[in-house]
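**Student:** We have chain A already, so just place chain B on it with the hints.
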Amino acid sequence: MSTDSQTQEHHAGDISHPTPKTYAIIAVILSVVTAIELWVYYIEELRSLLIPILAVLSTGKFALVVMFYMHLKFDHKVFSRLLVLGIILAFGTFLALLTLFKFSHPFGLL
Amino acid sequence: MSEASHEGGHHTSLGVDSRKLGMWIFLASECLLFGTLIFTFLLYRNKGIEEPNIPAEILDIPVTTASTFVLLMSSFSIVLALHAIQTGKIKSFQRWILTTAIGGIVFLGFQTYEFTEFVQGGLGLSTNVFGSSFFMLTGTHGFHVAIGVIWLLALYFSSLRGGLKVDGALKVDTMALYWHFVDIIWIVIFTVVYLFAVV
Numbered sequence: 001m002s003t004d005s006q007t008q009e010h011h012a013g014d015i016s017h018p019t020p021k022t023y024a025i026i027a028v029i030l031s032v033v034t035a036i037e038l039w040v041y042y043i044e045e046l047r048s049l050l051i052p053i054l055a056v057l058s059t060g061k062f063a064l065v066v067m068f069y070m071h072l073k074f075d076h077k078v079f080s081r082l083l084v085l086g087i088i089l090a091f092g093t094f095l096a097l098l099t100l101f102k103f104s105h106p107f108g109l110l
Numbered sequence: 111m112s113e114a115s116h117e118g119g120h121h122t123s124l125g126v127d128s129r130k131l132g133m134w135i136f137l138a139s140e141c142l143l144f145g146t147l148i149f150t151f152l153l154y155r156n157k158g159i160e161e162p163n164i165p166a167e168i169l170d171i172p173v174t175t176a177s178t179f180v181l182l183m184s185s186f187s188i189v190l191a192l193h194a195i196q197t198g199k200i201k202s203f204q205r206w207i208l209t210t211a212i213g214g215i216v217f218l219g220f221q222t223y224e225f226t227e228f229v230q231g232g233l234g235l236s237t238n239v240f241g242s243s244f245f246m247l248t249g250t251h252g253f254h255v256a257i258g259v260i261w262l263l264a265l266y267f268s269s270l271r272g273g274l275k276v277d278g279a280l281k282v283d284t285m286a287l288y289w290h291f292v293d294i295i296w297i298v299i300f301t302v303v304y305l306f307a308v309v
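Respectively, the protein sequence lines represent chains A and B.
For the first sequence, the numbering used here begins at 1 and goes up steadily by one.
For the second sequence, the numbering used here begins at 111 and goes up steadily by one.
Keep in mind the hints are simulated off the structure, nothing from the lab.
Glycine included, every Cβ here is placed at the ideal spot set by N, Cα and C.
Check the hints yourself; a few may be wrong.
[Unchecked claim] Coverage of chain B stretches by chain A, computed from C-beta distances (three or more under 8 Å per stretch; other residues unrestricted):
| id | region |
| --- | --- |
| 1 | 123-130 |
| 2 | 133-140 |
| 3 | 174-187 |
| 4 | 291-299 |
| 5 | 302-308 |
[Claimed, not checked] Simulated coverage check for chain A against chain B, where a stretch passes if three residues somewhere in it have a Cβ under 8 Å from a Cβ of chain B:
| id | region |
| --- | --- |
| 6 | 27-38 |
| 7 | 53-62 |
[As the list claims (entries may be wrong)] Keeping only pairs whose Cα atoms sit at most 27 Å apart, straight-line, the calculated DSS-like set for lysine-lysine is:
| id | chain 1 | residue 1 | chain 2 | residue 2 |
| --- | --- | --- | --- | --- |
| 8 | B | K199 | B | K275 |
| 9 | B | K275 | A | K21 |
| 10 | A | K73 | A | K21 |
| 11 | B | K275 | B | K201 |
| 12 | A | K21 | A | K77 |
| 13 | B | K275 | A | K102 |
| 14 | B | K199 | A | K73 |
| 15 | B | K157 | A | K21 |
| 16 | B | K201 | A | K21 |
Isolated chain A (complex conformation) (with noise of 0.2 Å):
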């Protein structure tokens, strides 16, 4: 837990959570990246690029808005361990969709 008390506060717990400021910082940096992507996307020579550089800045809002919105960053490690383990379980049914299209799908795969 951080003791900067430029970006975080304490409540009643002993959580320290962002402030307005911190909050308000992270939102601007949410609209530059979302205004980023949406330029990437009509730029032409940068397509075959696209996917790479649109999964690094998704992933990016994502990491913001679950560390700092949704304290991630700063509450107990069992809801990072949930949250992580319910992406794992997610990806772990993409494995299994893509083996029983791969094998018994008309379509086949992507």
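**Tutor:** Frame of chain A, contents of chain B only:
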């Protein structure tokens, strides 16, 4: 230990409030639901498509970017609502929770507009597998947003009647987790469904 512990919350052996833990378990299970819908869309997105329903041509990226921005800003407004109730500023809380609800309603308005455009253009739930997987994914997300808006308005009206005096911060914290989850799911959908459409 969360703030709720000082408001008479029920604790688990982990030292966290059981209601907050329950919400996180629910959200983890929701990862499975949306993961399945997103991956199903990925598998079907280029299947059975015929003119004039080419995804890259019918998806309205500027409109969806605007709705994405609205949803992201509603995540910002709900953390401000949470901060307000944690610091005892009930008027500020009411203003921000209502702003968040309006953001959710605006997002649903954008989605209704998009769905109407698609249906009028000949793309429905049963037109092809792309349509089925697209409407199932975005429709399920929209349903979650609608539930969230009802929940937000319930909190707003509850606060007007003084109903958030006990466990108020925990109730808002739990709701905020749900709302942020809806937001992060949309971050993935916006990228995978809309921006990947040209690839």
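**Student:** Look at each hint and say if it fits the structure.
**Tutor:** Hints versus structure:
no.: 1; hint: 123-130; in the structure: holds (count 4)
no.: 2; hint: 133-140; in the structure: holds (count 6)
no.: 3; hint: 174-187; in the structure: holds (count 7)
no.: 4; hint: 291-299; in the structure: holds (count 5)
no.: 5; hint: 302-308; in the structure: holds (count 3)
no.: 6; hint: 27-38; in the structure: holds (count 6)
no.: 7; hint: 53-62; in the structure: holds (count 6)
no.: 8; hint: B:K199 <-> B:K275; in the structure: 12 Å, holds
no.: 9; hint: B:K275 <-> A:K21; in the structure: 26 Å, holds
no.: 10; hint: A:K73 <-> A:K21; in the structure: 17 Å, holds
no.: 11; hint: B:K275 <-> B:K201; in the structure: 13 Å, holds
no.: 12; hint: A:K21 <-> A:K77; in the structure: 25 Å, holds
no.: 13; hint: B:K275 <-> A:K102; in the structure: 56 Å, violated
no.: 14; hint: B:K199 <-> A:K73; in the structure: 25 Å, holds
no.: 15; hint: B:K157 <-> A:K21; in the structure: 46 Å, violated
no.: 16; hint: B:K201 <-> A:K21; in the structure: 19 Å, holds
Taken one by one, the earlier hints fail for this structure at numbers 13, 15, listed in ascending order.
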